[in-house]
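I would like the entire structure built from these sequences, with the hints used as guidance.
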Amino acid sequence: MTMTSWLPLIVLCSSLFTGLIIFLLPEERSGWRTALNMTGATVKVVGVFVMAWGVLVQGAVYEARFTMGLGFDFVLHVDLLSLAFVSLSSNLWFLTTLYAVGYLEGSRNRSRFFGFFSLCVTASTGVALAGNLITFFIFYEFLTLVTYPLVIHQGTPQALAAGRTYLWYAMSAGALLFLGVVGLQTLAGPFDFVSGGVLGGMDDVGQWEARVIFALLICGLAVKTAFVPLHGWLPAAMVAPAPVSALLHAVAVVKAGAFGVLRVVQDVFGKDFAAQIGVLEPLAAVVAATILFGSLRALMQNELKRRLAYSTVSQVSYIALGAVVLGPLATVGGLAHLVHQGIMKVTLFFCAGIFAQSRNIHRIDQMDGLGRTMPVTMALFTIAALGMIGVPPVAGFVSKWYLAQGGIQAGQDWVVAVLVLSSLLNAAYFLPILHRAWFRPCSGNLGGPGPETASGSCGIWEAPWMLLLPTLATAFFSLAAGVFAGWEWSPLGVAELISAGRGAFP
Amino acid sequence: MTTFLVYSLTAALLAGLGVHGLITRRHLLRQIMALNVIAGGVFLLLISTAYRNQGDFADPVPQAMVLTGIVVAISSTAFALALLRRIYVAQGQAQDEAQDEAQGQAQMDAQANDVSTPRDESTP
Amino acid sequence: MIWLFVIGFPLLTCCLLGHARTRDLAAGPGLWLASFPALGLALVGGGAPGVFPALFLETTLHFGLYGRFFLLLTSMLWTAAGLFAWSAAQSGSGGRDQFRFAFFFLVTLSGNLGVCVAQDLASFYVFFAMMSFAAYGLIIHDQTPKALHAGKIYLIMTVIGEVLLGAAFFYVGVMADSLLFADAAQTLASAEAGWNRNALVFSLALVGFGIKAGVLGLHLWLPLAHPAAPTAASAVLSGVMIKIGLLGWLQLFPLFAGQESWGMVMAWLGLAGAVYAAAAGFARHDPKTILAYSSVSQMGLMIMAVGFALAVGGPWAWDGLALGADPLLSGLLVFVLVHGLAKASLFLGVGLAKAARWSRSQARLILVGLAAAGLVLAGAPFTGGALVKQALKSGAGQLSPIWSDFFIAVLPLTAVGTTLLMAMFLWRVWWSMSVNVDLPETHPETAQDFESAKTGLGMVVAWGGLLILVLGVVPLAFLALPGSWLGMGLAAEGWKGLWDGLWPIALGLAATGLFLRFNQGGPEANGLDDLVLAAVERNAARLHAWWWSSPYCEPACGTINLVAWSDRILQSSWMQTVPDRIERRLLYWHTVGVLFVGFVLVFLAVTWWSGR
Amino acid sequence: MTLAAWMILVPFMGGVACLLLRGRAVAWVGLAASAATAWTCLPLLRHVWHSGPVRIDLGGWAAPLGIGLYLDGLGAMFLLLTAIVGLLVGVYALAFFGRGREYARMEPYFWPVWLVLWGGLNGVYLSVDVFNVYVLLEMVGLGAVGLTVLSGTNDSLVAGLRYLLATMFGSLIYLLGVALLYAQTGHLDIFLLADAVDGSLPVLVAFGLMTGGLLIKAALLPFHFWLPPAHAGAPAPVSAILSGMVTKASFFLLLRIWFVVFPDVTAPVAGQLLGVLGAAAVLWGSLQAVRQTRLKLLVAYSTVGQLGYLFFLFALLTPAGGEAWSEGWASMAWTGTVFHVFSHGLAKAALFMAAGCLVLAMGTDELAAMRDIAGRLPVVTFTLGVAGVSLMGLPPSVGFVAKWMLLKASLASGQWWWAVVIAMGGLLTAAYVFKILSFTFVPVGGHDANARPKAGPKAGRNVDQGANEHQGPKNSGVPELRPVPALMTLAALTLAALCVLFGFRAEEVIALLLRDMGLEPPFDAVLIGNIGGDRP
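Chains as they are written, first to last, in my numbering: chain G, 1 to 506; chain X, 1001 to 1124; chain U, 2001 to 2612; chain L, 3001 to 3536.
Keep in mind the hints are simulated off the structure, nothing from the lab.
Just to be clear, a hint being listed does not mean it is correct.
One-sided and incomplete, this derived list gives chain L residues near chain X with beta-carbon spacing under 10 Å [said to hold, decoys possible]:
1) Glu3138
2) Val3145
3) Met3168
Here a beta-carbon is modelled for each residue, glycine too, at the ideal position from N, C-alpha and C.
Here is the structure:
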């Protein structure tokens, strides 16, 4: 094994071993735990950076392949798509860990929390690096397992109910996905992901079989992607601590689903073949419905995190939209949104966590005048929220721009209509929050006394730097990703590279 | 009608009787006895095969098998009886499924089926 | 880099707000210093176009055809507004929260400057959005209920406009396969008739920019927002920002390519807006509202001019178009300039008038200044306004005969409306100054501020400067460039021109007199705008209420609730009893025995049967 | 290779030695015997790996008269599983019975009985003589019952006697079949029988009786009546033994009977019949497990469900008689099933051992009492979780491999309905595994006991009960957990970890398993080792 095959493993294991060791650490060794976490995260970020440099600049191929003896190989492969996802997850892991250390200061069961947290990142790294559908599935299911303890971390009845909901959805979907994966392998034999699809080139795959398998796979992925009739778990899972929500929404679970949809449509079926067997239209209908319905539901929420959750439901489907719309520009938009949505949504959840943690603010009607008391946090929230709406120059507008253009390019004008409506709805549920926070007078009517602040105080009280710094970084990224979208290595630039087929599997 | 057939039919009858006893009797002692009846049937069949090929000598293998089988059956029965005794000492009766009744789980079912096992039947 | 510096300078100034020590600098002189680099750039000229591949989606910044002109106007007006705001703040009449005001002021400024020089769709969109959204902060700055309401309407319409504009840009970008305005316009020039993507782009852009520019029907936010905003903000809102919509059309639409149908649509819309706004606005009581309607009316005329330019098939290829080559286009630009300066000076004048108690002579002086600016707008002879009228007329003359006669006939009538509005405006200002009533809708604290306010010198300077520019710029240009069409336009028609300029004004004044004679002191009636708006809001509220009470709003709506299903199954009375009963049965020897015997028999039977 | 004989003799001798000793020495000697047995297994395994199946005739007497032993890949896998689980159960038991008086009392009985049982199990896997197998099965059965009643409580006595009657009944029915078979063919050796059987009625009846008898002992669905009370009532190490290993012996024998002795007379419909019973077991057992409120009963019913998966093999392999074997999916079905045996053996033993830790700590196995176990006994909870993952068939675990193979086999063979059942069974398994886990996360503090759960779902209801209970008198003091020996936790954790690790090394197992059966390798993958050792 050379460096090129070790590196993906190192990146994968940097969080795996961290997680396992953290489990064994006693509760009170928080210094050790933090050090370990940060070391793991740093190793991962550096590893990803080296891989990115290798792939993008040197054209190296990083691949670790193990024969399982089961008719498939366990493959970790770094292509541009996985690179985009893995750099997102590694960087956000770093920041979220920092945030979580601050957020959970002094709470119980932190070893367990951080252990599963690391495992969760391992799983999403695995999902990103998986070189074939089965490896993908393995990590995808692993993800379900390790997220569950995080969702029910607080152990409240609500948390348990949420965990139960999550499991019901995820497990049922996992069963379907399993059937789909096995069926596909039975039909087509083992294969790796290939940019442009594999099935199109196979003669012995019948149309109907392909359709059934497509349906199974997409239904299996739909739960994590939170496609509309199956999105029920996502808002329920909001009871988890804020870093978990951030991770769920921005990096791990939802993203894994969307990433899976991208992989299945583009690298397994291939857009052309999928269009040929006519499965893209139904999927597109679901995606469009999800985008609109998620936004509509978000409009109805008064709880901040729930509103954000429904916003995720809507926004993640943009990624899937990129996969189902035929134009190459749409692909670029979807891929870019994978990253953009991640950094913006993580910012929003960080901020929501800060509000909850420091001011005990959970509902939107408690946010009056928050801009005066926590100006920095609120400013970051504003940046991300504007980005979600698609207000330039925050990153969101870039993805929408490309998605819409892709739709037009492919003659699917409804994409524009969907985006227009969705943007309006996004504005309708985010702008009132911003208005409240910035332009209403501070009511002093906070959700209750914050841990360290007198109730009703309208003085400036900012969050501790451990919470603020990661938020600042992600907000900065979301702004930068929009402002410097044209840069060659920006998320958009990388997405263009991926779409152009460079760095695809040889 | 060969001898073998007579033996085997008898064996089948015995085994059938045993099975019937096992599944209809609710008293544990009777069930143990029913199992022994089945065992008797099986051994009868086995011993009858010793002459099945009409040879000059009896096949020693079935005899060895029956001997072994009897040992096994005896030890099992002994074990079962020992258990039965412990149960009787512990709960004052020797019915497996009466246990359910006592716990009120299956009163309806039990009443319907309990005709054949009078309760006052005692054990060794 | 100079381009980025010019646009970014206000943002840099804005950054100073973040630090307590530099804060006062940024919120003070920073307001008017921020646009100086832009002013310099517009005067000196920028050199090579700035291409920034990494910025947004390959940003190209340059003057283009109109950029320098708009940049000049923008920087002038913002300098004046900044000066006014600073001075107002200095003298204590700036209202509260000056740092927040400064923040939004500077961000809006930055966006506005960027829009002027953006040569590609993406960066234009970015700056446009920056300007539009930041302006919200300016509009609701006073936080009166009225301002909040205005802000809400503004925000909603802005968002809609942004989104539609975005859609238009998406289409153009794909159709032209380029994000440059130049390519986009070229693509649109080859439009065919009928409903196709070109038509879609036209209509999307019409609405998208129209909301900003106050096209009839989309102008609803204007009369609300302008009076509600602080004076300096109203000045730039009305002076520059609504013109950006116009700039968008000019850049995007293929002018002089003979798109007659679209041209006529715009011309008619513009004309209708001009007439309607005059009719709707003159009876208003708040002078700033009248000014807002006047803006709508004047924008209507400009839109009409754009319509003319669209409809006319020029003899020259559009890319050879140069400023000054065509009286219509140049006249339009002069119109923009004149209206921008005049309207800004009018707004600042109102602010000045309200800022303190003036002695009668001072009040007269202010009134004269306002009247002069009003006259320019109304197109009095030898002002820029007359020139504009001339240009419009020549533009109308190039249309096909039916339209041309009609528009030429109608044009002077719009001047009557403008005069009416201006005269009513002056009357209201005079009235408010003499009666000295506090404006009812001001925030009490703001009103208190006003009470104790002194007038700053800067406010006067800003106003006076603009006034001088308004009055002086065109004659100066005439003197400087006697040979251009400017000179010809002013000089050629002689006494007839003078008469043409004067009779509408006289008519307007007469109408004003009549109205005041019969309706002086009458209550302010709700206009059509208010009725429409009220109806829309009522229905929106009803829709909202219906939606909230509808089953679609229940938390479980739209989800496949697997948990509920599983619960329904697992908790059902059947499930609670039957499996237990079966399982209990299965624990009985006789059940198992019967099943066992049955199994063996079935097994034997099937084995036997399949062996046969 | 007399090692094969030692596999049986070593535990027997260990058992006898244990009988003669007193005090803690029993445990140490027993553990030493366990280690020796497990150790003996290794060279045997290596031998089979290198040179194919082993056949030895004890004392030099050939087939009809002497006692023959035979070990092929399949048997080796079962031996290996027994050795692993047996050794770890031994380690676990060493600590378990060292706790307190009530357990220490059982220790002198546990070790001899268990070692004899182990010897019997090894014998079943090694024997080629259908009658010897009967004797060994009886030995296993008696041992199992002996272990079941170890605690001497009333419930366990009743359960034990019922178990005894059932297993005796099954054995006798089996013996009846053997007698018929012998009467018809005059052979007892499975390979000789394989050549001698024909489609005559007595042979068929013998086949049916043997199958039926073994099914009772294997606790397939309608015949599982003895299993839950016996498994739930026994002490933890015993439950692990019973569930992880003893049920597998009868299944192993069924495999031998069906695919070695009677491959020519099996009917496709009969195979489907077993498959249907298996499917019913999967669904029914899992459903019952979901509905239990006591941990050990839940795990016991889970055994009923998990055993059902094994019987798909009969449905998958019988359709085309001998021809099916040449298909790729035949080998998938085989490996899937064997992996499932592994998965279930390891995972269920780990589950029972973890449950034993919990019972030891809490004094009860009520699920509702397991509050905040995740916080207080994290390693045990982790073990529960990992073992559960393997049961669910989720990656990365040996259970996943098993399910993968079974699914593939059922899809490839066109019998897709098993795939549906497997998927649904996985869901139900997830339901009960996570039911356990969710209870472990309920905090002790009950900081919002007043908050009602939103919906009225089952977990919610249970939580609610917990909360209400919590508001009661117990509120003042959370019941203290008794300490759990690290060795017990470690043993359980090791088993759980093995569940995961075996998932990564499937290739060797497949190679070992398949080449002795003359099966096509299922994939293009190059199998390790020399394929095609000599078959007898």
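Cross-check of the supplied hints:
1. Against a cut-off of 10 Å between C-beta atoms, the interface hint on L/Glu3138 holds, since the closest Cβ of chain X lies about 5 Å away.
2. This hint holds: L/Val3145 has a C-beta 7 Å from the nearest C-beta of chain X, less than the 10 Å allowed.
3. The closest approach between the C-beta of L/Met3168 and any C-beta of chain X is roughly 5 Å, which is under the 10 Å cut-off, so the hint is satisfied.
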